[in-house]
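Trainee: Chain by chain, the residues run as shown.
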Amino acid sequence: MSDNGPVQTRSPVLTVRRVDAYHAITVVAPQIAERFRSGQFLSVGVGGEHSGMLLRRPFAIHDVKPDYGGTVEFLFAVRGPGTAWLAERRSQDLLDVVGPLGRPFPLPRDPVNCLLVGGGSGAAPLFPLAHALRRRGCRVDFVLGASSADRVFSAISARRIAETATFTTDDGSFGVRGRVTDALERVAADARSDVVYACGPMPMLGRVAGAAGRLDLPAQVAVEEAMGCGTGLCMSCVVPVVGEDGFTRMARACVDGPVFRAERVRFDDVGTIPFDALGAPGWKPWSDDPGAEGAPEREAG
Amino acid sequence: MSDNGPVQTRSPVLTVRRVDAYHAITVVAPQIAERFRSGQFLSVGVGGEHSGMLLRRPFAIHDVKPDYGGTVEFLFAVRGPGTAWLAERRSQDLLDVVGPLGRPFPLPRDPVNCLLVGGGSGAAPLFPLAHALRRRGCRVDFVLGASSADRVFSAISARRIAETATFTTDDGSFGVRGRVTDALERVAADARSDVVYACGPMPMLGRVAGAAGRLDLPAQVAVEEAMGCGTGLCMSCVVPVVGEDGFTRMARACVDGPVFRAERVRFDDVGTIPFDALGAPGWKPWSDDPGAEGAPEREAG
Amino acid sequence: MSPIPDMRTRLAGLELDNPIMAAAGCAGTGRELARFFDIARLGAVATKSVTLEPRAGRPAPRMSESPSGMVGAVGLQGPGIEVFLQRDLPWLQSQGGTAVVSVAGSGPDEYADVARRLTAAAGAAMIEVNLSCPDPAAQGRDFADVPAEAARVVRAVRGAAEDGVPVFAKLAADAADPVALAEACVEAGADGLSMVNCLRGMAVDPVTLRPAPAGGVGGVSGPAIRPIAVGCVYRTRAALPEVPLIGMGGVQTGADALEFLAAGASAVAVGTMNFADPSACVRILRELQQLLEERGVDRVGDVVGAAHRPTGAAVPGR
Amino acid sequence: MSPIPDMRTRLAGLELDNPIMAAAGCAGTGRELARFFDIARLGAVATKSVTLEPRAGRPAPRMSESPSGMVGAVGLQGPGIEVFLQRDLPWLQSQGGTAVVSVAGSGPDEYADVARRLTAAAGAAMIEVNLSCPDPAAQGRDFADVPAEAARVVRAVRGAAEDGVPVFAKLAADAADPVALAEACVEAGADGLSMVNCLRGMAVDPVTLRPAPAGGVGGVSGPAIRPIAVGCVYRTRAALPEVPLIGMGGVQTGADALEFLAAGASAVAVGTMNFADPSACVRILRELQQLLEERGVDRVGDVVGAAHRPTGAAVPGR
Ligand SMILES: Cc1cc2nc3c(=O)[nH]c(=O)nc-3n(C[C@H](O)[C@H](O)[C@H](O)COP(=O)(O)OP(=O)(O)OC[C@H]3O[C@@H](n4cnc5c(N)ncnc54)[C@H](O)[C@@H]3O)c2cc1C
Ligand SMILES: Cc1cc2nc3c(=O)[nH]c(=O)nc-3n(C[C@H](O)[C@H](O)[C@H](O)COP(=O)(O)OP(=O)(O)OC[C@H]3O[C@@H](n4cnc5c(N)ncnc54)[C@H](O)[C@@H]3O)c2cc1C
Ligand SMILES: Cc1cc2nc3c(=O)[nH]c(=O)nc-3n(C[C@H](O)[C@H](O)[C@H](O)COP(=O)(O)O)c2cc1C
Ligand SMILES: Cc1cc2nc3c(=O)[nH]c(=O)nc-3n(C[C@H](O)[C@H](O)[C@H](O)COP(=O)(O)O)c2cc1C
Ligand code: FES
Ligand code: FES
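For the protein sequence lines, the chains are Y, S, F and E, in the order given. Take the first sequence: its letter number 133 is residue 133 in UniProt numbering, and every next letter is one higher. Take the second sequence: its letter number 137 is residue 137 in UniProt numbering, and every next letter is one higher. Take the third sequence: its letter number 275 is residue 275 in UniProt numbering, and every next letter is one higher. Take the fourth sequence: its letter number 53 is residue 53 in UniProt numbering, and every next letter is one higher.
These are computed hints drawn from the structure, not numbers from a lab. Hints are supplied without guarantee of correctness; some may be wrong.
[As the list claims (entries may be wrong)] If you want the footprint, here are the derived chain Y segments under chain F, 3+ residues with CB under 8 Å:
| # | stretch |
| --- | --- |
| 1 | 54-62 |
| 2 | 146-155 |
| 3 | 220-229 |
[Claimed, not checked] Derived contacts from chain F toward chain Y, CB cut-off under 8 Å, selection only:
| # | residue |
| --- | --- |
| 4 | E32 |
| 5 | R35 |
| 6 | E53 |
| 7 | P54 |
| 8 | A56 |
| 9 | A60 |
| 10 | M63 |
| 11 | P241 |
| 12 | P278 |
| 13 | S279 |
| 14 | Q290 |
The C-beta atom is built at its ideal place from N, Cα and C for all residues, glycine as well.
One chain only, chain Y, in its complex shape:
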């Protein structure tokens, strides 16, 4: 309906490639390409027409190109039956794709220094972000981590786009042995970073948020919470997030996120309903005036 909202398309697959431990699928989807802003994701129906797998699979948009009117690429690791099915797609197959979904990364007005931190396949959205930042004259530095060398994401493009690119692996098979947060503070100091962007698994984001807090740097994180619909309908992807009014709400990662200001996300309470969250069991309305309860823009999606 709205011109910058998501669209649903039956998109032909252009290419399916192996990239180390990942598969990369590019689909022709001009309307998604044209609307896309970095940080947004898409969702794909899996299993074909009479599939017993009902739920769409969400993937970060990794690249957008103008070819064929507009193409969109996503990368994924085979995890379960849905991604296994996707890995078997071939050129010209049609995919049911909805996108772009979610709130994008906010971009700085000024050409500041940006530190981009990613873990595993979670690094995907950082690449279009890096390009967008570079177009605005920002300095970009990468810190990318993974469990092992073949799960480090697009090391070469990271090196090409960024001023510096630092890699960490749990097993030391590539770059520095350790976690991204071990490298983060040093790189931030060297690069004189002004802002941090991060995406990856929740625990990593929690550590990045902590580090950014200690360095007093604003940070934007893109979270990955299991999703049922990706469009804000099913309420399955909730994360405890502190609103402008100081109250914690169970926010939907798919429409209220996936990008949040890092200090707003209560990482330690992910997977729980914090006792002081709005409407938690035992929670009491704090005012008789319904207006006071607010209806923050974010919750409305």
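Fit chains S, F and E with the ligands to the supplied structure of chain Y, relying on the hints for placement.
Mentor: Same frame as chain Y, now just chains S, F and E with the ligands:
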């Protein structure tokens, strides 16, 4: 387990062809090819690994060849989602196939004159039968009917194999306008037929059985009843059949058939439980001697 | 060429433009679907069940996929009736949507309180009473599990609701005896019935061997439950032919909607399939209309309950 | 390398070589499956429910496919106890199969009569009481719908059965309250419980707009119902931790079998999937064994009920 029982295979598709209104799929399945006798069928899993379509689809085996160790061909019309999925298969795809299933046509010991009567896609099993009969020195005559010209099955091979081939269509678009039974008596007389073999929809088989009875010809019919498993487990494919002992039982088309002696099948009662069937509501045991109730070989599958 | 069928349908006093609705809790506030199509095209939009106070719901993960379905445990997360009346209901009305407001609570009083505030604010075309909420009086059971408890809730809501606004009781398929439950609700004043809500179920995570969703109780929905839901509608229609029914449970295509209509529903709601296909509701409406057109059916009402005709009776439109 | 896990499991007095069984009514007489594998490899084979007299069952078509499941209405077609004892049971024994004989009837007396003849003939390793049979005393209801009626049947069978032969009551998932039903059956003498039987449901044929299967009542089975079945097993195990359970409903893979074990079943039966894949039982057994091996589980018994461990407790084999 037993060497001539059915096997389950993951068979590569060799070819998918359009034949008039039908699709023909040939799979490489040496064990099925080697066991096959005409009148038997196979069943195919549809929809892929995470399919919401659980039940296998049964198809008559139309042709068996020695290439690649043994190939098997079946033909089908797209009717619902299962056959639509099959029509989209491509060479080298793997199909989950079980076969050969069911009791084959009994072949005459002597080189007698055989009249083969088929309706629509139901004619498929008559072609391997015709070859088997010819190898035994039998004379073969065909009567094939269908709703319209493009649904007449393999007219050319019928002409090639048989002494005579007569075609009927409901709309007169090919051969004689009318039903196969309209042509049957004339052809049987001309060809001095000794025995009738028929397959096709139930109402047609009922009419063929009637005609054969009037002509005093023995007839074998291969029935098509909706099947849940094809292997005798689910009891969904039952047809009222009169046993040697004169009692009607609900026989399973998949293992007790699909081939039955025509006069044994109670065509008028298909889709019902005849009141005098063994164990019908109100039915009373006719003897205290359990042996008398029989346990005819057929029921045991 | 067959004429375009008349898609209007009646639910007690309420006339809908067409029989396709979005099911409660599966359509967000309406805004989320409105990004994909004009929600005024639907017969109605049922809201997420509204409670008196805000509710935070259950902890994530709340969902696990099952064959042709899913198991969910959201726990009625929502902003509470006041924010709903201030923010969500006016928005639905501004879009020309027909709002079926689903209400929930922890006892007849809370249900009635919500209904009363709805009445005061106006704007609800129908009130749907979600009886699949835990009854604090009956340990571990929902109101829908005990016909007498369900009836108390329905009576309270009917008493509090505006006169002209139909009150529909929403039933569970895993009720002791769906027909007895239906009868109790109708006797208590329900103008019609919505069926079915999710069935109780759960998965066990194959790695952690823990219940999923956490806690061991979720609701199973989606095409997997469709034959169970169609059966409930059919049996209820047979027992209570005069009571209008909204059928739901796994509707995925226009043919599925037709199944529910033939079984006896006057309208059909689409739930889980909205998650899989955000345009599901309008696609299903289009498919249904086309099916009726192909059959030569003049009015959608002609197929309602068609599966109950005596054997040998004419098939509508044939 | 992990050692091969000990797959033996106990069901009351009965020890099975492994926990994978073929479910009643889904394995023919055993002969049909024996064409695909050696049935002695299964923990047990449950027979089609045996009645006193032969039964012709319901008219065809008896089946309709549903999303990830099917709706069936066979109506207990079978040859009656005498032919069963003369022809089918001896054959099962000759193959080295462990026979769980499912019994059915139209009242406690008929059930007991069947059990008595079984006892006289010997050869049944267990008797499973199929309670999802219409109770002529309660119009339109099954024995399983009314705990007191179910208990009467169980008591009659337990009284008639041989002492050393365990009697398991087979429950429906759409019972009023599965746990209350389970308790009534155990109190009446059931040594264990099998769950679940098919759920009531139906489809409407999209062309004829008639109920399918005919009559409007069928049973829904297959993976579609798995979360509902797992939920029943989990809740029953929580309420009756000492009672051995046979879990079933939509088991398709070894991981599904593990789900049922973790929820609290000591054995797992495979029904509808035998239709889709005639080697399903042995494939599932192989997959289960491999999963346990990968986890480093020594005995299959170690995972039984694992989903009930308190949060934070160790995962078996991890
Ligand atoms: C916003 C977002 C962006 C993502 N981007 C990427 C990406 O770029 N590359 C990539 O490899 N993966 C990404 N993921 C994770 C990806 O969605 C899952 O790996 C995928 O859904 C697994 O599906 P499956 O059928 O293979 O696995 P299964 O585990 O069998 O899936 C079963 C169900 O769980 C859900 N699920 C399982 N894991 C996840 C998860 N981590 N996140 C969300 N849902 C999950 C599935 O969607 C499905 O509904 C992203 C997830 C989110 C929420
Ligand atoms: C012994 C036997 C041999 C057959 N041989 C052929 C053949 O050679 N060529 C051919 O085109 N068709 C044949 N059929 C019919 C064929 O099996 C059906 O057309 C097919 O199963 C339809 O599947 P679907 O998913 O496309 O249709 P749907 O109607 O959507 O199928 C839904 C369900 O109904 C069952 N079903 C529907 N129609 C039939 C039917 N006529 N017979 C059995 N089951 C049915 C399907 O198996 C499935 O379980 C044969 C049937 C039998 C029993
Ligand atoms: C995630 C989710 C949330 C739901 N929330 C509600 C709710 O708030 N109120 C209600 O009455 N039903 C609720 N339902 C039930 C649906 O309205 C519907 O009755 C049920 O899901 C069956 O239909 P379906 O198979 O089309 O989803 C919910 C269902 C799901 C899956
Ligand atoms: C065709 C069919 C016939 C069945 N017959 C019986 C039966 O005779 N006795 C019985 O106790 N259960 C019977 N059942 C129920 C199954 O044993 C099983 O409980 C149920 O189907 C759920 O398991 P599943 O999903 O693996 O099939 C039957 C099920 C089907 C599908
Ligand atoms: S995934 Fe459904 S609301 Fe976010
Ligand atoms: S199709 Fe299952 S018994 Fe014949």
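Trainee: Are the hints correct? Go through all of them and say.
Mentor: Do the hints match the structure? See the list:
1. Judged by the Cβ-Cβ criterion of 8 Å, the stretch 54-62 of chain Y is covered by chain F as claimed, because 3 of its residues qualify and three suffice.
2. A stretch counts as covered by a chain when three or more of its residues have a beta carbon under 8 Å from one of that chain; for the stretch 146-155 of chain Y and chain F the count is 0, and the coverage is violated.
3. As drawn, the stretch 220-229 of chain Y meets chain F at 4 residues by the rule of a beta-carbon pair under 8 Å; at three or more, the given contact holds.
4. Satisfaction of the interface hint for E32/F is found here, the shortest Cβ-Cβ separation to chain Y being roughly 4 Å, below the 8 Å cut-off.
5. For R35/F, the interface hint holds, the least distance from its beta-carbon to any beta-carbon of chain Y being 4 Å, beneath 8 Å.
6. Among the interface hints, the one on E53/F holds; its C-beta lies about 6 Å from the nearest C-beta in chain Y, closer than the 8 Å criterion.
7. Residue-level restraint check for P54/F holds (minimum Cβ-Cβ distance to chain Y is 4 Å; threshold 8 Å).
8. A least Cβ separation of about 4 Å between A56/F and chain Y falls short of the 8 Å threshold, and the interface hint therefore holds.
9. Look at A60/F: its Cβ gets to within about 5 Å of chain Y, closer than 8 Å, so that hint holds up.
10. For M63/F, the interface hint holds, the least distance from its beta-carbon to any beta-carbon of chain Y being 4 Å, beneath 8 Å.
11. At a threshold of 8 Å, the smallest CB-CB gap from P241/F to chain Y is about 33 Å, leaving the interface hint violated.
12. This hint holds: P278/F has a C-beta 5 Å from the nearest C-beta of chain Y, less than the 8 Å allowed.
13. Of the supplied interface hints, the one on S279/F holds, with its beta-carbon coming within about 6 Å of a beta-carbon of chain Y, less than 8 Å.
14. The interface hint given for Q290/F is violated, since its Cβ lies 18 Å from the closest Cβ of chain Y, which is over the 8 Å cut-off.
Consistency with the previously given hints fails for numbers 2, 11, 14, ordered from lowest to highest.
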